[in-house]
Amino acid sequence: GQNIDQPTEMTATEGAIVQINCTYQTSGFNGLFWYQQHAGEAPTFLSYNVLDGLEEKGRFSSFLSRSKGYSYLLLKELQMKDSASYLCAVRDIGDTGRRALTFGSGTRLQVQP
Amino acid sequence: DVKVTQSSRYLVKRTGEKVFLECVQDMDHENMFWYRQDPGLGLRLIYFSYDVKMKEKGDIPEGYSVSREKKERFSLILESASTNQTSMYLCASRDRATGFHYGYTFGSGTRLTVV
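Protein chains in written order, with my numbering: chain A, 1077 to 1189; chain B, 5 to 119.
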């Protein structure tokens, strides 16, 4: 089985930097994804990590440490439109061999002026 | 752009009814998935399908079944709807080749209320 933990809510100020953490436990780690979901909308893909280190994409970066079972999503120069839920998802093919993702509960980020 | 279309945005059904949730994707993706999303619980996998006529149980299949007769369509069936199946249902698809790195494309969701 899997256990994915991320904070429930975070608040940050426009223009600032925020880091959203995700810890996971898996038996056969095969990749970690971050998705953004605005209220009432579908989740959209942000990033993918399978090797240790930092992946940067514009204002968003994602970091992975497989030995620690830890990832974070870093959002720089926050904008009001970044107010959304951020979902951490892990692909684990250890137990069942299946290639479906398991999601954390999501972190609701509120950006304030 | 890949499009995943869910037939209804909002549905209200009565307890005991048989409910069909339809999902269609237009990019010839092999893999399709059904999740439900509930506050505090996140997205939980109900069923998935690697290809036509194939289906696999996810983490919470009880009370649900699925049908994949054509590659583009993946239907979720609630055999006898119950109030604890009130939820947001999300369909997703993934290309077997590129999806390894890009994950899923989601539909906009169907908010089902069972009364």
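None of these hints come from the bench; they were simulated from the model. Heads up, the beta-carbon is just placed ideally off N, CA and C, and yes, glycines get one too. Honestly, I wouldn't trust all of these hints.
Some but not every residue of chain B turned toward chain A, in silico, with C-beta under 7 Å [said to hold, decoys possible]:
hint : residue
1    : 24
2    : 37
3    : 46
4    : 52
5    : 64
6    : 65
7    : 67
8    : 71
9    : 92
Derived DEER-like restraints, expressed as beta-carbon distance ranges [what the hints assert, rightly or not]:
hint : chain 1 : residue 1 : chain 2 : residue 2 : range
10   : A       : 1101      : B       : 67        : 38 to 46 Å
11   : B       : 74        : A       : 1130      : 23 to 31 Å
12   : B       : 48        : A       : 1117      : 14 to 22 Å
Item to check | Hint check, failures only | outcome: 1, 5, 6, 7, 8, 9, 10, 11
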